[in-house]
Amino acid sequence: MTIRTTSPPLQIGSGRLRRPTMGLAAVLALILVAAGCGGDDGAESSAEGCEVGEVDGDLALYNWAEYIDAEQLDAFAAEFGIEATMDTYDSNEAMQPVISAGNSGFDVIVPSDYMVAILIDGEIIQPLNFDLIPNAANISDDFANPSYDPEQAYSVPYQWGYTGLAVNTAVAGTDFPRSWDLVFGPEADEYAGKITLLNDPRETLGAALKALGYSLNTTDEGELDEAEALVASARDNLLAFNTDSTDELLTSGESVIAHGYSGDMFTQFLETENPDDYVFFVPAEGGTRWIDNMAIPFDAPHPCTAHTFINWLLDAEQGAALSNFNYYGTPNEASIDLLEPELNEFLTDPDVLVGGLDSVESIADTGEFETRYADAFANAKG
Amino acid sequence: MTAVGGVTQPRGATRWLLRANTWLVYGFFYAPIVLLVVFSFSGNRNVGVWGGFTLDWYRDFASDGNVQGALRNSIQIAVASTVVSVVLGTAAALALERFTFRGRQVFDALLYLPIIIPDVTMAVMMLLFFAQAAELLGFSKGFGTITLSHIAFNISFVSVVVRARLAGMDDRLEEAARDLYATRWQAFRHVTLPLIMPGVAGGALLAFTLSLDDVVITQFVTGPGWTTLPVYVFGLIRKGVTPLINAVSVVMLLASMALVALSLATQRVRGGQDAIDARVGPDQGLP
Amino acid sequence: MTGTLPPVDVAPPEVEEDAAPATPEFEAASLRQERRRGLLMALPAYGYLVLFFALPLLIVVVYSFATRNRFGGTDLSGWNIDSYRRLGEPLVRDILFRSVALAVITTVICLVVAYPFAYYMATRSEAVRNLMLVFVMIPFWTNFLVRNFAWRVILGTDGPLSQVTEAVGIGETRLLFTQTAVVLGLVYGFLPFMVLPLYADIERIDGRLLEASRDLYATGAQSFRHVLLPLSMPGVIAGSILVFIPSLGAYVTPEILGGAKTTLLGGYIVTQFLTARNWPFGASLSFVLMAVMLTATIVYFRKGGRTL
Numbered sequence: 001m002t003i004r005t006t007s008p009p010l011q012i013g014s015g016r017l018r019r020p021t022m023g024l025a026a027v028l029a030l031i032l033v034a035a036g037c038g039g040d041d042g043a044e045s046s047a048e049g050c051e052v053g054e055v056d057g058d059l060a061l062y063n064w065a066e067y068i069d070a071e072q073l074d075a076f077a078a079e080f081g082i083e084a085t086m087d088t089y090d091s092n093e094a095m096q097p098v099i100s101a102g103n104s105g106f107d108v109i110v111p112s113d114y115m116v117a118i119l120i121d122g123e124i125i126q127p128l129n130f131d132l133i134p135n136a137a138n139i140s141d142d143f144a145n146p147s148y149d150p151e152q153a154y155s156v157p158y159q160w161g162y163t164g165l166a167v168n169t170a171v172a173g174t175d176f177p178r179s180w181d182l183v184f185g186p187e188a189d190e191y192a193g194k195i196t197l198l199n200d201p202r203e204t205l206g207a208a209l210k211a212l213g214y215s216l217n218t219t220d221e222g223e224l225d226e227a228e229a230l231v232a233s234a235r236d237n238l239l240a241f242n243t244d245s246t247d248e249l250l251t252s253g254e255s256v257i258a259h260g261y262s263g264d265m266f267t268q269f270l271e272t273e274n275p276d277d278y279v280f281f282v283p284a285e286g287g288t289r290w291i292d293n294m295a296i297p298f299d300a301p302h303p304c305t306a307h308t309f310i311n312w313l314l315d316a317e318q319g320a321a322l323s324n325f326n327y328y329g330t331p332n333e334a335s336i337d338l339l340e341p342e343l344n345e346f347l348t349d350p351d352v353l354v355g356g357l358d359s360v361e362s363i364a365d366t367g368e369f370e371t372r373y374a375d376a377f378a379n380a381k382g
Numbered sequence: 001m002t003a004v005g006g007v008t009q010p011r012g013a014t015r016w017l018l019r020a021n022t023w024l025v026y027g028f029f030y031a032p033i034v035l036l037v038v039f040s041f042s043g044n045r046n047v048g049v050w051g052g053f054t055l056d057w058y059r060d061f062a063s064d065g066n067v068q069g070a071l072r073n074s075i076q077i078a079v080a081s082t083v084v085s086v087v088l089g090t091a092a093a094l095a096l097e098r099f100t101f102r103g104r105q106v107f108d109a110l111l112y113l114p115i116i117i118p119d120v121t122m123a124v125m126m127l128l129f130f131a132q133a134a135e136l137l138g139f140s141k142g143f144g145t146i147t148l149s150h151i152a153f154n155i156s157f158v159s160v161v162v163r164a165r166l167a168g169m170d171d172r173l174e175e176a177a178r179d180l181y182a183t184r185w186q187a188f189r190h191v192t193l194p195l196i197m198p199g200v201a202g203g204a205l206l207a208f209t210l211s212l213d214d215v216v217i218t219q220f221v222t223g224p225g226w227t228t229l230p231v232y233v234f235g236l237i238r239k240g241v242t243p244l245i246n247a248v249s250v251v252m253l254l255a256s257m258a259l260v261a262l263s264l265a266t267q268r269v270r271g272g273q274d275a276i277d278a279r280v281g282p283d284q285g286l287p
Numbered sequence: 001m002t003g004t005l006p007p008v009d010v011a012p013p014e015v016e017e018d019a020a021p022a023t024p025e026f027e028a029a030s031l032r033q034e035r036r037r038g039l040l041m042a043l044p045a046y047g048y049l050v051l052f053f054a055l056p057l058l059i060v061v062v063y064s065f066a067t068r069n070r071f072g073g074t075d076l077s078g079w080n081i082d083s084y085r086r087l088g089e090p091l092v093r094d095i096l097f098r099s100v101a102l103a104v105i106t107t108v109i110c111l112v113v114a115y116p117f118a119y120y121m122a123t124r125s126e127a128v129r130n131l132m133l134v135f136v137m138i139p140f141w142t143n144f145l146v147r148n149f150a151w152r153v154i155l156g157t158d159g160p161l162s163q164v165t166e167a168v169g170i171g172e173t174r175l176l177f178t179q180t181a182v183v184l185g186l187v188y189g190f191l192p193f194m195v196l197p198l199y200a201d202i203e204r205i206d207g208r209l210l211e212a213s214r215d216l217y218a219t220g221a222q223s224f225r226h227v228l229l230p231l232s233m234p235g236v237i238a239g240s241i242l243v244f245i246p247s248l249g250a251y252v253t254p255e256i257l258g259g260a261k262t263t264l265l266g267g268y269i270v271t272q273f274l275t276a277r278n279w280p281f282g283a284s285l286s287f288v289l290m291a292v293m294l295t296a297t298i299v300y301f302r303k304g305g306r307t308l
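One line per chain: the protein sequences are D, R and P, in this order.
Under the working numbering, the first residue of the first sequence is numbered 1, with each subsequent residue one higher.
Under the working numbering, the first residue of the second sequence is numbered 1, with each subsequent residue one higher.
Under the working numbering, the first residue of the third sequence is numbered 1, with each subsequent residue one higher.
These aren't lab readings, by the way, just hints derived from the structure by calculation.
These figures come from a predicted structure and were not determined experimentally.
Idealized CB from N, CA, C, for every residue including glycine.
Hints are supplied without guarantee of correctness; some may be wrong.
Unchecked claim - If you want a taste of the chain R side facing chain P, the calculated C-beta under 8 Å gives, among others: (1) 160; (2) 234; (3) 254.
Construct all of the structure, not just a fragment, from the sequences and the given hints.
Pasting the structure below:
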């Protein structure tokens, strides 16, 4: 009586429905793609008419998690009589598409160095109006006119740190070379199964490139191939490629040598009973210095508020509060005297930067070559 | 005859093995949960290192606006997307299992795509779509865009589970009801729906869980003020995920168990007359 | 109801078309009406997926033929199929092979564990059944990452598992950052996806069929093979699909529990979209994967449907 239709043999006229529906969808898709082509004229600051300290609406901050104290953000909101919300991301790569696509609704973002360069080239962040940021004068000369934003027109530094090696000296002693040989050389065999490298193509291939004496921003196929081979040869001695908990794996005893970020390592050391059992250093051959920055998306809804916030955060006291909360380095010269002593001691420790300031580089975008880094890393892992 | 459930009770050793397997599976499910609960009371920032008993993480949770907001966002989105996707997914399952119609095969294929597509690909395409739609129509991203995206994948998961229930199920009961002059709606409400309820409930649980866990897609279609709990927790990775998140998980566990207890209590009050029973008894006469 | 529908040649009977004796015209009209009902019922979900899935998907299809640009997007010019050509590279082939193997193992383990579990659940009284079902899902309402990190603690060098095996005398276990740990994590994460459809399916099976087979002197194994299993095939298939596909795309669990020591498909696709900012290649990888999976799923389902 009723038609049983579990797997129907007949599909009369199914094409009649398919074509209009799918056709319509295709047309709509093309319209949307075309709309996406409309260039964004993000080359001008949209905060021309603002005054210093002016707010033109609530602040929507898009930041890394736990990078600013919620109370500090509330203090800003209270001082200027607006609401401030913070949303979080876990990587530059997760943030960038959201901002690039447009209509993100965010006023201030915190991209790292190489990402700033990409965002500038894509006209995705707008030039800052430095008339509205008088506190920019507080920025240390070390951080002025960085390679990723040579005229310092689009970004101001937020926090900074190094990528290097952390070692458990309770296990390894102190008599080891302050060199990448510790993970890439014959010395590594001694710590087989106790080494972690970052699960990040640029950082880990960058370390191998530095160990080989090349720039970590190389675009030379031969040099990258060598680095790939070096990472591949180190693979057997590894506990893991890990980014999410290198610091915890080290202090819990799973690993003895960990490739990781200075601020994470330092805060993690302080969590242990004997912080002196651990050391962090950038190997003599050099490593990465990374700088996170504040920037304003091209279509930020409240550019005046955004500028006001950036200026407010570059204040000496606010800058110190930021570092004392997240324990990363401050680019704010005026804040340094207000830092907690142990943090300041770590930041200025000459043993951390074995090869001196000239040995470190910031990761830069390599354009087309970026896909080669991703493939080389996948190849090295096998 | 078949006093409980539809399937016969096995005998002897099989029965013993089945019971053992069941306990082992529950043991497997709850082993990490026990650990998670224990470390929510640990004084050390690192999960895995016992730092002495403390309630600090619960206090932190009580005062942490970021985490509370993220949890609230997650639950709102999960509830909304589950409700809509259960209705649409069940209707889709019924249509596909019980009817032929034009475009059925295309629909069938389309329904599988959200399950098959890699998360990040769906994330990117939803991002592009909503960014352009927002440009054209002038809305802002947030609750709406996240919920719409979650519904888009949840419809498929719900319909797969409901279809597993419907496939090969006897539709003569429904016909009998119709022969007894029940309207279509009555036959559906009193015969079909109770019959497929285990599938619908399973689909709903799955949808809720998937929505509550999604990171990648949510992260790409979110707007200011709509960071969800998993997105927030992923963000914490760089600084380390602390037992605070364990404490949040424990609170969610307790809340869900309280809900279960509550629903059990209300079922008792209704006096055991349960519409969910898959077998239609004579007492479930049609109006 | 009929007002919103396109006109039909034969006027549809107003009420109770099934109750009347069938004439050829009547049958045809009734069939048409049945079809319209089906379409109406499917339409909300259909429309939804066309608008909020097929349409966005088409945008990315277009992108897969475009050229990568360095700021994490694509230049919608210079159309090419380079990104599809790259799929033949040995690197991609190895990754695919490894990932499929891992997903197959995960699916088989889930099936073997979940089937008896779902069967046992289906044979409980209703109140117990519902309770058991909810208790399967409750662990998964905790945070996904936190669950994975909990497993890392359990599997760690001096973790609870190692301590237990040492106390029992098997010696310490070193599972963390191995392929075994990855499989274990995936089985844990996707087991409910197998349990739910299996349970929904087995619970509906008429127990009298099994009893009848036993009455006809079938052994337990025989009645399982020839009665229960064929009847529960839709659940087996649905569950396998729900486990296999996400296992193939998983990337967080392999990273947390496996130490990311080999490249798997899920991670590789994520890397293309995010780290390498190569959307065309990421998109083409996904589409080929989807096409293969969709074909397999439909064939599998059709076949399963026939054996019913």
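Per-residue hint verdict: residue 254 of chain R, partner chain P, C-beta under 8 Å: It is violated, given that the least Cβ distance between residue 254 of chain R and chain P is near 10 Å, above 8 Å.
Let me know if the C-beta of residue 234 of chain R comes in closer than 8 Å to any C-beta of chain P, holds or violated. It holds, given that the least Cβ distance between residue 234 of chain R and chain P is near 7 Å, below 8 Å.
Residue 160 of chain R as an interface hint toward chain P, with CB separation required under 8 Å: For residue 160 of chain R, the interface hint holds, since the closest Cβ of chain P sits about 5 Å away, which is under 8 Å.
The earlier numbered hint that this structure contradicts is number 3, and it is the only one.
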